[in-house]
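Residue numbers (numbering that gives the first Met the number 0), protein chains in the order written: chain E, 0 to 437; chain P, 0 to 437.
It is possible that some hints are incorrect.
Because identical chains cannot be distinguished in the list, a pair is counted as satisfied if it fits within a single copy or across any two copies.
Claimed, not checked - Each computed DSS-like pair below joins lysine-lysine, with the alpha-carbon atoms no more than 25 Å apart:
(1) Lys303 to Lys344
(2) Lys283 to Lys433
(3) Lys163 to Lys284
(4) Lys303 to Lys283
(5) Lys344 to Lys359
(6) Lys20 to Lys41
(7) Lys362 to Lys294
(8) Lys362 to Lys20
(9) Lys163 to Lys359
(10) Lys266 to Lys362
(11) Lys266 to Lys41
(12) Lys220 to Lys266
(13) Lys359 to Lys303
No lab work stands behind these hints: they were computed from the structure.
Number of protein chains: 2
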Amino acid sequence: MNTIVVKFGGSSLASAAQFRKVGDILRADPARRFLVVSAPGKRYDGDTKVTDMLYRCYDLAAAGEDFSSALEAVRARYGEIAEGLGIRFDLESALAPIAEHLRKGPQRDYMASRGEYLNARLMAAWLGWTFLDSAEYIRFHADGTLDPDTTYKLLGAAMAQTEKAVIPGFYGADETGRVVTFSRGGSDVTGSIVARAAQADLYENWTDVSGFLMADPRIVKDPMPIREISYKELRELSYMGASVLHEDAIFPVRSSAIPINIRNTNKPDDPGTLITAEHSEEAKKRTVTGIAGSKGFTVINLYKNRMNQERGFIRRLTGILEDFNIPIEHMPTGIDTLSIVVDDKELAGRIDEVTEELNKQLKLDTVEVFENMALLATVGVGMSYRLGVAARLFTALADAGVNIRMIDQGSSEMNIIVGVENDDFETATRAIYKAFVE
Amino acid sequence: MNTIVVKFGGSSLASAAQFRKVGDILRADPARRFLVVSAPGKRYDGDTKVTDMLYRCYDLAAAGEDFSSALEAVRARYGEIAEGLGIRFDLESALAPIAEHLRKGPQRDYMASRGEYLNARLMAAWLGWTFLDSAEYIRFHADGTLDPDTTYKLLGAAMAQTEKAVIPGFYGADETGRVVTFSRGGSDVTGSIVARAAQADLYENWTDVSGFLMADPRIVKDPMPIREISYKELRELSYMGASVLHEDAIFPVRSSAIPINIRNTNKPDDPGTLITAEHSEEAKKRTVTGIAGSKGFTVINLYKNRMNQERGFIRRLTGILEDFNIPIEHMPTGIDTLSIVVDDKELAGRIDEVTEELNKQLKLDTVEVFENMALLATVGVGMSYRLGVAARLFTALADAGVNIRMIDQGSSEMNIIVGVENDDFETATRAIYKAFVE
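Extracted from the complex, chain E is given alone in its bound form (with noise of 0.2 Å):
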């Protein structure tokens, strides 16, 4: 029998009647037989995600102050969605020791998970599914990393005497049963652990859009979606993808190749984004299977006579950028050029002492600033298959008055990265997608 894993987000639980569409789907398919869940998020524009909720109650609560009606806040979130759902759950029960917890001096990390847990015992109680808590199968290290053999070892001997289980999302514990999260979306990553636990054949991650567009919609009017693409096509988009799926959650699965299928709760008859281990024989057919970028990078440009013979001097420039614990983004040189791309956030106002040290270290003749620019990366690993695709890239871009301040293309031909300035990204990003999709 197969087996699915179904992970559904704050949106797809935010009240009774997304709970409803989750029990529709999960019924339309009985090999959906893992349930991962976040806590409810929003219901409407300027509601309150019940994790905040709790963050709040926190905070009272490690002020010293008055928490019930925060807390009361949170419990009345769940009532409304028992009661639409027409159940009995005994919330009081639940929240005990969650108050009990703040009284007592309350811990952040466990305070988070409360929203993801209660979330879960109440799916388990509507559906009649097990609940699992993932405190007690999936392991942390005591330095806050995941410890992966223990996690798969308890999580597959939980798993396999369980028909259907709900698992709450976002958590799980080190060995002394202390709470650890994820970082914020980490429930992405629980379903993606659960999955390749289950070995799963496949990993569905239900959100409220229908899987990855091939631009950015701000940007672009009505985008094409992506309906297949490879975990090395959306690593090279890495720009665009973290807002639909937490870059982490790649991970687990990926080295089992168990695919993820990017589902929309809202139009579940939407076939999504599949995200595959391998290049398909259709996505090879495609030219170009995505365009993603961001602003807010700066390039430095070394300029120094025979610095092509000199040996070393990469290393010991990037040696000067690790002391700042400043990533290069890129590099792309010349012959007695080179430029270093930054992130502005990384590089966070230290310029003039980044390029002071370079100088010192490195004896340049010149090094020149320029800020303000956006990288643009064209992803497709069809794109290897074709003669002419650049020259279809630069020509949009010329044709859209675009200056091209950076070109970067590595022999894998899936991805062609160009610096624009910050003002030209979105002239950019059109002129591209128009060149390959329209």
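Could you slot chain P onto chain E? The hints should help.
For chain P alone, coordinates are given in the frame of chain E:
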């Protein structure tokens, strides 16, 4: 009064007829006050350069064999020139210490330098100019590197007291008086040092071609000459520069902003190529200044999950290559992919060792090796002033059916480097030339 330092190469000094051309050129402009000479080169295809004759003398003497007929061949070359010029020059006394040196236990650098030494003495005698022996003025450190401070002091003082002088190229001496030579073609360097010491207005480097051409004439039929090029552009075109002008010749004059004029002894009316410190207004009006490339590179394509989030990855990578003493020519990057381009000559068949070490130390997911790659640099300061350069270039390559394996353009915008397969190198060169020049 203006001062021009002139340097003539071996083919410009191979015979009495060539000497006369040099005399005409010197007389045409009295500012040509300091003359640096190479040793007599080939008079015809299959002829032997005097320097090679001298190496032969050295080899024989070092092996304890009879060198007299080899030295006689040297004498004959100078004798023929002196006779052709109709001057009396006491060749026997000039050669006697050389024969003596050979008998006593020869030193290779000393022997190699005698071609320039004798030619300078002969030229000085013919012109009636002062002879300044480089062994007295061009000073090397004990480790074989130039001592610029002492050199400029000694040389400057001597030249300040001299109206017109002939100076042998290619060599100098260390503190003990032991002769030290530059690498092959080093008379270009001597000329540059003399120009710097004289604070000359111009350094004329006379050779047997009318300067640089926009592309390799073995690939492009009758390429246009380059009238003017900046030092920076020339460096970016270094794949082509070395055969016309020794790379080390640029640096002494460059720091004093002395232009170099490459001229043709056999076509003295040709303006040649002027190499300037700054980009000229005329150069900015052009799009492309030159196209140059080279075959014989290997691309190592590294793939690793989340490479771009791994701090220190590039530094460790460059450290590994440095341990192998292999310089990295280019390093185009995607997000989780990174390519390193290395010269096959530096790789020296160690590709398996290198990839094994990269795998071991960097824990890569995949390493791919692409051999037989050529690099092609399209260079011009004017490229940065124009829109659509990349479009034109890549359209030309696509129309010619050339697959692009790598693209690298930094924010200097003066050089687009493209990687193509060795077999496409000529086609690509012609396509780019046609797109920008014809």
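Hints, verified against the model:
{"no.": "1", "hint": "Lys303 to Lys344", "result": "between (27 Å within a copy, 24 Å between copies)"}
{"no.": "2", "hint": "Lys283 to Lys433", "result": "within (20 Å within a copy, 32 Å between copies)"}
{"no.": "3", "hint": "Lys163 to Lys284", "result": "neither (39 Å within a copy, 73 Å between copies)"}
{"no.": "4", "hint": "Lys303 to Lys283", "result": "between (42 Å within a copy, 21 Å between copies)"}
{"no.": "5", "hint": "Lys344 to Lys359", "result": "within (24 Å within a copy, 32 Å between copies)"}
{"no.": "6", "hint": "Lys20 to Lys41", "result": "within (16 Å within a copy, 89 Å between copies)"}
{"no.": "7", "hint": "Lys362 to Lys294", "result": "neither (30 Å within a copy, 31 Å between copies)"}
{"no.": "8", "hint": "Lys362 to Lys20", "result": "neither (64 Å within a copy, 44 Å between copies)"}
{"no.": "9", "hint": "Lys163 to Lys359", "result": "neither (63 Å within a copy, 42 Å between copies)"}
{"no.": "10", "hint": "Lys266 to Lys362", "result": "neither (60 Å within a copy, 41 Å between copies)"}
{"no.": "11", "hint": "Lys266 to Lys41", "result": "within (18 Å within a copy, 82 Å between copies)"}
{"no.": "12", "hint": "Lys220 to Lys266", "result": "within (20 Å within a copy, 63 Å between copies)"}
{"no.": "13", "hint": "Lys359 to Lys303", "result": "within (13 Å within a copy, 33 Å between copies)"}
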